[in-house]
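Enquirer: Okay, here's what each chain looks like letter by letter:
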Amino acid sequence: MKFSTIADKIQITAASSLTANPGHDPDIAGVAAVDQALVGMLSYIEGDKFASFVGTTQTNALILPQNPVLQAKATERGIAWLSTPDPRLAFARAIALFYTPYQPAPGIHPTAVIDPTATCGENVSIGANAVIQAGVYLGEGVCVHPNVVVYPQVRVGDRTVLHANCTIHERTQIGADCAIHSGAVVGAEGFGFVPTPHGWEKMEQSGIVVIEDGVRVGSNSTIDRPAVGTTRVGRGTKLDNLVHIAHGCQVGEGVVMAGQVGMAGGVTIGNRVILAGQVGIANQAVIGEGAIATAKAGIHGDVAPGEIVTGSPALPHKVSLKASAVYRRLPEMYKIVQRLQKHLL
Amino acid sequence: MKFSTIADKIQITAASSLTANPGHDPDIAGVAAVDQALVGMLSYIEGDKFASFVGTTQTNALILPQNPVLQAKATERGIAWLSTPDPRLAFARAIALFYTPYQPAPGIHPTAVIDPTATCGENVSIGANAVIQAGVYLGEGVCVHPNVVVYPQVRVGDRTVLHANCTIHERTQIGADCAIHSGAVVGAEGFGFVPTPHGWEKMEQSGIVVIEDGVRVGSNSTIDRPAVGTTRVGRGTKLDNLVHIAHGCQVGEGVVMAGQVGMAGGVTIGNRVILAGQVGIANQAVIGEGAIATAKAGIHGDVAPGEIVTGSPALPHKVSLKASAVYRRLPEMYKIVQRLQKHLL
Amino acid sequence: MKFSTIADKIQITAASSLTANPGHDPDIAGVAAVDQALVGMLSYIEGDKFASFVGTTQTNALILPQNPVLQAKATERGIAWLSTPDPRLAFARAIALFYTPYQPAPGIHPTAVIDPTATCGENVSIGANAVIQAGVYLGEGVCVHPNVVVYPQVRVGDRTVLHANCTIHERTQIGADCAIHSGAVVGAEGFGFVPTPHGWEKMEQSGIVVIEDGVRVGSNSTIDRPAVGTTRVGRGTKLDNLVHIAHGCQVGEGVVMAGQVGMAGGVTIGNRVILAGQVGIANQAVIGEGAIATAKAGIHGDVAPGEIVTGSPALPHKVSLKASAVYRRLPEMYKIVQRLQKHLL
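Protein chains in written order, with my numbering: chain A, 1 to 345; chain B, 1 to 345; chain C, 1 to 345.
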């Protein structure tokens with residue numbers, strides 16, 4: 001594919017070397033990381049950490065930020081370039097021009113076990129040994145990979161993909177255009193037990209899980225149903241692997257949770273919140289819209305909209321940064337205080 | 001169901017509005033959270049955080065704590081109420097009056113693959129594509145959901161439920177009335193490797209996992225078998241999702257572990273210990289009976305019975321609370337110390 | 001088996017009670033932990049914590065460290081012993097003399113679903129309901145347990161074992177002599193999304209996962225493929241359960257990661273690094289060869305080769321130890337500083 005064709009197709013180009021030199025329009029055979037790209041492999045540069053690669057990369061085609069210095073350097077080295085406010089987004093679109101994700105053809109494998117009361121839209125694909133139980137509805141174009149188990153009365157929206165070995169429990173509602181990755185467990189009963197003198201008495205979990213459209217649930221993540229009502233994950237939210245959403249949580253739209261994030265019951269997560277890896281949130285906490293928790297934050301109370309929190313127990317990010325900078329000097333500080341004390345008190 | 005019938009059935013009522021006004025006995029159609037309950041939906045109130053809902057809820061039936069002020073308020077608003085020392089337990093029992101959990105009928109699905117040397121009690125249910133290997137014994141009323149794999153020589157006690165896509169490894173012994181949730185892996189070989197000049201040499205894991213009666217293992221949790229002897233999880237213990245119990249751990253009775261708790265090899269957990277979310281415990285540590293670790297605690301040594309520990313490295317809870325309160329003031333304190341030092345030393 | 005035969009077979013004996021007393025050569029029927037071993041059960045002692053057991057154990061055969069005091073004590077109690085510089089390694093080899101791990105016989109179960117374009121070496125074992133898709137190659141002696149799903153174009157090296165219910169995604173390359181444990185997910189698409197005004201846009205993950213020879217992937221661990229290029233796990237590396245390796249990570253050889261370790265995208269881990277339980281590593285960090293991170297460390301930047309880091313944010317281990325020792329005295333220190341301030345400023 002010609003470099004100029006890529007520039008046309010990704011639709012977010014701000015400027016390109018083609019203006020100055022329309023004849024320098026190399027053939028591009030694929031995409032690669034900037035430190036590994038060879039001639040004919042399109043790559044991209046984003047952030048200070050990678051900027052120096054414009055001087056060393058072996059590729060002859062780059063997506064650059066809107067930085068005249070980098071553009072000049074690329075031109076000098078004979079690298080065709082296009083610049084954009086968002087090189088990573090442009091690169092994402094370039095990948096999609098060269099890559100066709102694996103998707104099984106529509107059709108139902110003869111070894112799939114499908115209850116006669118289950119119903120499907122058009123063009124559904126159901127893989128080998130998948131088990132679809134009573135009353136399930138699979139929308140148009142749904143893809144169920146091998147060995148998936150769907151418990152009774154589940155509803156799956158159009159074009160959603162259920163990857164191999166995931167399990168969807170009874171009455172779960174999944175929207176359209178979702179991806180539930182391998183090993184994920186959605187809709188299993190929440191961890192509800194009440195202490196009694198005779199041990200832990202189970203609280204039946206009669207509620208359901210609702211996953212709205214465009215949600216991604218990562219491999220081996222778990223989303224539990226509540227005692228009453230709904231555990232909800234909002235439209236367009238993306239969960240990484242090994243994430244745990246407990247019973248009754250209300251997760252907003254466009255939220256991102258990185259790997260191994262976990263939350264206790266009844267947590268509310270506002271729209272567009274970002275939780276970095278291994279963040280934990282205590283029960284009933286309310287995280288305001290657009291808030292950010294950095295990696296390993298331990299959140300015990302509410303977080304205001306837009307706030308950035310860090311550490312465990314979580315503090316405002318700037319407070320935490322300053323406190324942790326002093327933390328490492330504690331032994332030195334302690335000695336000084338002891339000397340002062342001896343001297344003066 | 002009449003409100004009075006519910007009051008009778010849950011068996012822990014201390015007082016109720018029916019004494020003063022037997023005629024006010026509404027029909028109850030279901031249960032709901034207090035902020036979502038409408039007329040005819042029984043709800044409950046527990047804790048200060050939810051107390052104000054007695055003045056705003058739209059339901060006409062509530063389970064209340066033994067609090068005359070809340071009772072009077074409910075009466076004033078025409079809400080039928082019953083009060084108990086433990087509203088959450090009463091509500092748990094009320095849910096069970098309205099909810100029938102999904103349970104497959106007894107019988108063996110024709111696609112299940114069962115070794116001829118496996119044996120079963122009465123009324124066993126084995127789902128589609130489940131695989132039961134040589135020498136396995138399944139007790140009376142055991143329910144094996146679809147796509148479960150049971151390795152050879154496993155023993156499963158009466159009425160235990162194995163949810164879809166869980167895996168039980170060779171020689172594991174599971175008691176009666178347990179629930180092993182989807183994706184859980186029980187009895188796989190522990191992480192035993194010995195360093196040598198030529199790399200890590202495997203230590204064979206010849207031991208077994210024993211799960212006693214009434215244990216709950218959450219979705220995608222893992223419990224490993226040891227090199228020699230037994231990894232044990234005691235009677236009535238409840239594990240949430242994504243919990244990791246390493247080889248050779250001895251977990252007592254009535255223990256609760258929240259999501260993503262993990263422990264290294266050879267840890268001993270006393271009876272009725274509570275580990276909150278994401279707690280980690282180092283190898284060979286001994287956690288005394290009734291101890292509590294708050295969320296994200298990192299425990300490197302032994303914890304005394306009944307102790308509450310917090311933070312990483314874990315400290316006594318009160319010490320940790322005070323230290324973390326000062327922590328956020330470290331930058332301010334550091335400045336004061338620097339001024340004092342300049343002034344005086 | 002005679003004690004003397006064991007001493008011969010484990011090949012790392014430095015001295016033994018047989019020299020002084022060749023006639024005292026007990027029959028050994030098995031192996032056990034030192035606090036549980038009875039007569040005829042070989043055990044071992046390593047470390048100060050267990051040394052006192054030489055005076056109380058009920059076994060009549062021990063593997064000891066090269067410690068004359070312990071040897072004399074064992075001789076005095078009539079315990080046959082052998083000593084070695086590495087008792088744990090010797091015990092590992094002794095276990096292997098008494099234990100035959102479960103391994104299914106070669107052969108393909110009739111319920112396995114194998115694409116006609118998949119190919120296998122000799123002596124492959126494929127269990128019930130396993131699904132092997134188009135273009136897959138399984139090397140000689142590969143063992144695929146029941147209900148495993150292998151997506152198209154995967155290559156699995158000789159003698160590798162895929163445990164029940166694990167999932168290997170498209171184009172993954174797994175070396176020889178690996179073990180992928182139950183529920184693990186290898187090669188699923190990485191967590192790549194780019195923010196746009198209209199929500200998170202997916203970055204297709206066109207790369208692959210490469211697992212080199214002798215790697216162990218624990219139960220329910222996840223290893224994701226990257227947008228471009230390779231996620232790599234080096235030869236002889238051992239991963240415990242519930243570990244998360246994100247897209248594009250480069251993990252070296254002989255690395256050990258304990259349970260619930262997680263890392264963000266593009267992390268580089270040098271050879272022979274050791275990451276203790278629940279460690280987290282931020283994206284693009286580089287961990288130098290032989291570095292060690294203690295349990296729960298939160299690593300945000302690079303770590304030098306051989307360095308030991310502790311805490312979150314991670315500090316050099318000694319700095320962290322000293323700082324955390326002062327941390328618990330913060331309230332006391334704060335009071336002193338306040339008194340000094342009042343007195344003097």
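Heads up, some of the hints might be wrong.
[Unchecked claim] Per the computed footprint, the stretches of chain B lying under chain A, defined by three or more beta-carbons under 8 Å from a beta-carbon of chain A, are:
(1) 101-109
(2) 115-123
(3) 180-191
(4) 230-240
(5) 257-266
(6) 337-344
[Said to hold, decoys possible] Label pairs and their computed distance ranges (CB to CB):
(7) P85(B) <-> Y102(A): 23 to 33 Å
(8) H300(C) <-> G301(B): 19 to 29 Å
(9) Q11(C) <-> H109(A): 50 to 60 Å
Because the hints were derived from the structure by calculation, they are not lab data.
Where is the CB? At the ideal position from N, CA and C, for every residue including glycine.
Enquirer: It remains to establish, for every hint, whether it holds in the given structure.
Expert: Do the hints match the structure? See the list:
1. Figure legend: the stretch 101-109 of chain B, annotated as covered by chain A; annotation consistent (3 residues with Cβ-Cβ distances under 8 Å, at least 3 required).
2. Closer than 8 Å: that is the beta-carbon criterion, and the stretch 115-123 of chain B has 0 residues meeting it against chain A, so the requirement of 3 is violated.
3. Proximity of the stretch 180-191 of chain B to chain A, defined as three or more residues with a beta carbon under 8 Å from a beta carbon of that chain, is established by the 3 residues found.
4. Figure legend: the stretch 230-240 of chain B, annotated as covered by chain A; annotation consistent (3 residues with Cβ-Cβ distances under 8 Å, at least 3 required).
5. Residues of the stretch 257-266 of chain B lying with their CB closer than 8 Å to a CB of chain A number 3, which satisfies the three-residue condition for coverage.
6. With 4 residues bearing a CB less than 8 Å from a CB of chain A, the stretch 337-344 of chain B meets the requirement of three and the coverage assertion stands.
7. Separated by about 58 Å at the C-beta atoms, P85(B) and Y102(A) break the suggested range of 23 to 33 Å.
8. The hinted window of 19 to 29 Å between H300(C) and G301(B) holds, with their beta carbons roughly 27 Å apart.
9. Hint check: Q11(C) to H109(A), Cβ distance near 51 Å, so the stated range 50 to 60 Å holds.
In summary, the structure is inconsistent with hints 2 and 7 from the numbered list given earlier, while agreeing with the others.
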